[in-house]
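So you can see what is in the structure, the chains are spelled out below.
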Amino acid sequence: MNYRKFIIYQGTIGMAASMIFPFYVLLLKNVGSSYAQFGWAYGLFALTAALSYPVIGKFADQAGDKVLLIIYSWGMALILLVFPLAYEIWHIYVLQIFMGLLGAVQKNSEKTVLARSVNKETAGNEIGRYHIWTSIGAAIAVIATGYLVDFLTIGSIFYIASIVFAWSGFYMMKMEKPLV
Amino acid sequence: MIIIYTVIFAGSLILFQTQLASPVVEDRGRLLPVKMKSVKSSDSEDEIKNIVREANLHDDKISIAGMQHSQGGQTLYPGGIMLDVKQYNKILELDEKNQLITVQSGVTWAEIQSYINPYGLALKVSQSQNIFTVGGSISVNVHGRDIRNHTLIETVESFRLLNAQGKVLNVSRDENSELFGLVNGGYGLFGVILDVTLHLTEDELYQVKTQSISYDEYSTYFTKNVLQKENVKMHLARISVPPDSFLTEMYVTDYSTADDQSLLGNYTTLKRESIIAIPKFFLGLSRTNEWGEKMFWNTQKEYSERINGTYISRNNVMRSDSLFMDYNNASKTEVLQEYFVPINQYTAYIDDLRDTIKDEEDFNLLNITVRYVGKNEEAVMSYANDDMFALVMLINQGTSEESIDTTGRVIRNMIDVTLKHDGTYYLPYYHYPTKEQLIEAYPRSEEFFEMKEKYDPDERFMNLFYEEYHK
Numbered sequence: 001m002n003y004r005k006f007i008i009y010q011g012t013i014g015m016a017a018s019m020i021f022p023f024y025v026l027l028l029k030n031v032g033s034s035y036a037q038f039g040w041a042y043g044l045f046a047l048t049a050a051l052s053y054p055v056i057g058k059f060a061d062q063a064g065d066k067v068l069l070i071i072y073s074w075g076m077a078l079i080l081l082v083f084p085l086a087y088e089i090w091h092i093y094v095l096q097i098f099m100g101l102l103g104a105v106q107k108n109s110e111k112t113v114l115a116r117s118v119n120k121e122t123a124g125n126e127i128g129r130y131h132i133w134t135s136i137g138a139a140i141a142v143i144a145t146g147y148l149v150d151f152l153t154i155g156s157i158f159y160i161a162s163i164v165f166a167w168s169g170f171y172m173m174k175m176e177k178p179l180v
Numbered sequence: 001m002i003i004i005y006t007v008i009f010a011g012s013l014i015l016f017q018t019q020l021a022s023p024v025v026e027d028r029g030r031l032l033p034v035k036m037k038s039v040k041s042s043d044s045e046d047e048i049k050n051i052v053r054e055a056n057l058h059d060d061k062i063s064i065a066g067m068q069h070s071q072g073g074q075t076l077y078p079g080g081i082m083l084d085v086k087q088y089n090k091i092l093e094l095d096e097k098n099q100l101i102t103v104q105s106g107v108t109w110a111e112i113q114s115y116i117n118p119y120g121l122a123l124k125v126s127q128s129q130n131i132f133t134v135g136g137s138i139s140v141n142v143h144g145r146d147i148r149n150h151t152l153i154e155t156v157e158s159f160r161l162l163n164a165q166g167k168v169l170n171v172s173r174d175e176n177s178e179l180f181g182l183v184n185g186g187y188g189l190f191g192v193i194l195d196v197t198l199h200l201t202e203d204e205l206y207q208v209k210t211q212s213i214s215y216d217e218y219s220t221y222f223t224k225n226v227l228q229k230e231n232v233k234m235h236l237a238r239i240s241v242p243p244d245s246f247l248t249e250m251y252v253t254d255y256s257t258a259d260d261q262s263l264l265g266n267y268t269t270l271k272r273e274s275i276i277a278i279p280k281f282f283l284g285l286s287r288t289n290e291w292g293e294k295m296f297w298n299t300q301k302e303y304s305e306r307i308n309g310t311y312i313s314r315n316n317v318m319r320s321d322s323l324f325m326d327y328n329n330a331s332k333t334e335v336l337q338e339y340f341v342p343i344n345q346y347t348a349y350i351d352d353l354r355d356t357i358k359d360e361e362d363f364n365l366l367n368i369t370v371r372y373v374g375k376n377e378e379a380v381m382s383y384a385n386d387d388m389f390a391l392v393m394l395i396n397q398g399t400s401e402e403s404i405d406t407t408g409r410v411i412r413n414m415i416d417v418t419l420k421h422d423g424t425y426y427l428p429y430y431h432y433p434t435k436e437q438l439i440e441a442y443p444r445s446e447e448f449f450e451m452k453e454k455y456d457p458d459e460r461f462m463n464l465f466y467e468e469y470h471k
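So the sequences go chain by chain: W and R.
Residues in the first sequence are numbered consecutively from 1, following my numbering.
Residues in the second sequence are numbered consecutively from 1, following my numbering.
Derived from the structure by calculation, the hints contain no laboratory data.
Remember, it's a predicted structure, so these values are computed and weren't measured experimentally.
We treat Cβ as the ideally placed atom computed from N, Cα and C, and that holds for glycine.
A portion of the hints provided could be inaccurate.
To be verified - Residues from chain R that face chain W, not an exhaustive set, calculated with beta carbons under 7 Å:
hint, residue
1, I4
2, Y5
3, I8
4, F9
5, S12
6, F16
What the hints assert, rightly or not - Sample of chain W residues lacking proximity to chain R, with all beta carbon distances greater than 10 Å (derived):
hint, residue
7, Y42
8, A77
9, L81
10, L85
11, L114
12, V118
13, G128
14, I132
Stated by the list, open to error - Here are some of the chain W residues that sit facing chain R, going by a computed Cβ distance under 7 Å:
hint, residue
15, S34
16, G64
17, A86
18, G155
Isolated chain W (complex conformation):
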C-alpha cells in the first residue's frame, strides 16, 4: 500500500522536477552570458552532488528515507521561490550548489526505497514498472509546461513547480513510517 503511495509521490515530484529542469536552462541563458558560465553552473551542480553522496548515504540508513524525502520536497519548494529573483551569475552558482545537494538527496533516496522494497528475483520487472509511471508523469509535465511558458512567463513555472513540491512535502509527511 505504502509502496503505491511512494510511486504517487515520485510521480508528482518527477513531474514538478521535469517542469523546471529543461526550462530553467532558459533562465540560465538570460542570466549567464557565456557558455563557460553555463558549464560552471552545471559543473557545480554535479560536483556538489558528488561530494554529498557519502553523507546522504549514511544519513539515509540512520534517519530513514522518509526524512530525506521530506527535506528534498521542502528544500525544492523553497529554493524554487528564489530562482525567479536571481539576476546575477553568482546567484545561479549558489542556487546550483543547493540544487546539486537536493538532487543527490532525491537520487539516493529513490534508490534506497526501491532497494528496500523490491524482491531480488523480480527486481527488473518491478523497477521497470516503477519507471513507467514516473516517466509518464515527467513526459506529460514537460509537454504541458512548454505551452505554459508560452502563455505565462518562465517565472511563473517556478512558482507552480514550487507549489507542487510543497504539496509533495505534506504528502510525504503524512505517510506512515517505515515507507516500505
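Following the hints, complete the assembly by docking chain R onto the known chain W.
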C-alpha cells in the same frame, strides 16, 4: 509549515513583480545596461499612438528600438519607456510597375527580400547583413556595398512620422521636407517612423571578381577598375590586420553585371545562413592571438580567391552571414567603429592610422572591411561629405572600466587622424568620441540639436546619444 511557506511564497512573488517592473535592457555593445521603466511593443498604429499619448500625459521619455545593434544607447534611456517596433512589421503595398514598396518600419530587410524576390525585384541600399529593421536603418541612414546607390536616404520616397505631439505627419522631399533630412540619420529623436515607401530596383545577376592588391594601389584601382567601369555595381574590400602585414595587404571583391542575364533564374533562390562553425572558429582564434589573426586573414583570403568568377544574384549579395560574429563572453564584448575618408586621401590615411595604432598592445582589432559611399548631404547628420571609402572596424574589448578607457583613448586618436584627412566617423556606436570631434565631423550638429528642440521641446523622444552630446 503551511503558513511559513505561504509567507515566503508571497514575498518572493512580490519581489519578482517589482523586478519585472523595471527591466534592464542592453544594446549590442553590451557596455550600457540601462534600467528602463518598461518595454512596450505593438503591431497596431493606434496602440503606438496611445503609448506616445500616455507618455505625454505622464511626462515619460520614449526611446525607440529596432534590432538594437547601435552601441551608444541610441535605443535606451534610463527610466524611460522603450518602444520596441519589431512587431510593427507588415508589408503594406508593392507597386511593381514603379518599383516602390511600402512597409511598416519594424520589418527587416530579410522579410522584404523574401517578399520581393519572386517579383524579380531587389533593394537599392541596405547594410551587408539583412537582419536590421527598416526604421532602425533609416534612423542611422545606412549604406552598403552598392557603389551606384549610396546612402539609404536616396532610396526613401516618403514615410509617415508619429511626432512628439502624437500627430502623424507625411514626410517626403515635398511635404514637411525639413523633417526628411532630420529623421533620416536622426537616431529616433524626431518621432516614430510608422510606414515607409522605398524605391526598389531589379534583381540582377552579378559575376564576382576578387583580387589581392597592396593598400597603396587601392585608390587608383578603385577609381579605374570599379567606379569608371559602368558594369561594376557593388564592391567590398578588406585590409589586413595581422601584425606581420598590418594595414598593408588588401583584397577586393567586385560584383559586375553578368554578360548573360538569362542565367539569373539559376541563382535567385535566397541563400540561408550557412553552416557557420568554420568562420566562427577562425574569428574565435583571431581574438586570442597573433597566429589566430594570421589564420583568420588567410582563410578569408583563400575564400575570396575561391569565389572569383562565380555568379550571385543581387538579392543574395545583400544578405551576408552575420551569425558567426555573435560573441558571448562574460567579461568581453565586441564593438564597431566606422570611419569615412575621401578616396584621394586613402593611402596617406592608412599610413597615419598604422602609426597611431601599431604600438597599442591592448587594442585588439579583429577585422576591417572597406566599402565605398558617394557624396550625399541630404541628411542633416550626413557622414558622406565627399566620395569616400568607409572602413568598418571590429574591435574586441573588455567590459571593465580600464578596458573602456584604453579603447576610448585609441578610438579618439583614430578619429583625430580621420578628421585630419577630412574624414568623418559613424554615429551609431559607443560614445567614445568627444563633443568637439562630433562637431568637427558633423558641422551641422548644432543645427540638428536646435531642430530637435524645435520639434520636440519636451524631449519626449530621448536616448543616451542625445543626452551625451546635445549640451
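Hint check:
no.: 1; hint: I4; verdict: violated (9 Å)
no.: 2; hint: Y5; verdict: holds (5 Å)
no.: 3; hint: I8; verdict: holds (6 Å)
no.: 4; hint: F9; verdict: holds (6 Å)
no.: 5; hint: S12; verdict: holds (4 Å)
no.: 6; hint: F16; verdict: holds (5 Å)
no.: 7; hint: Y42; verdict: holds (16 Å)
no.: 8; hint: A77; verdict: violated (7 Å)
no.: 9; hint: L81; verdict: violated (4 Å)
no.: 10; hint: L85; verdict: violated (6 Å)
no.: 11; hint: L114; verdict: holds (27 Å)
no.: 12; hint: V118; verdict: holds (32 Å)
no.: 13; hint: G128; verdict: holds (35 Å)
no.: 14; hint: I132; verdict: holds (31 Å)
no.: 15; hint: S34; verdict: holds (5 Å)
no.: 16; hint: G64; verdict: violated (19 Å)
no.: 17; hint: A86; verdict: violated (10 Å)
no.: 18; hint: G155; verdict: holds (6 Å)
Of the numbered hints listed earlier, those contradicted by the structure are 1, 8, 9, 10, 16, 17.
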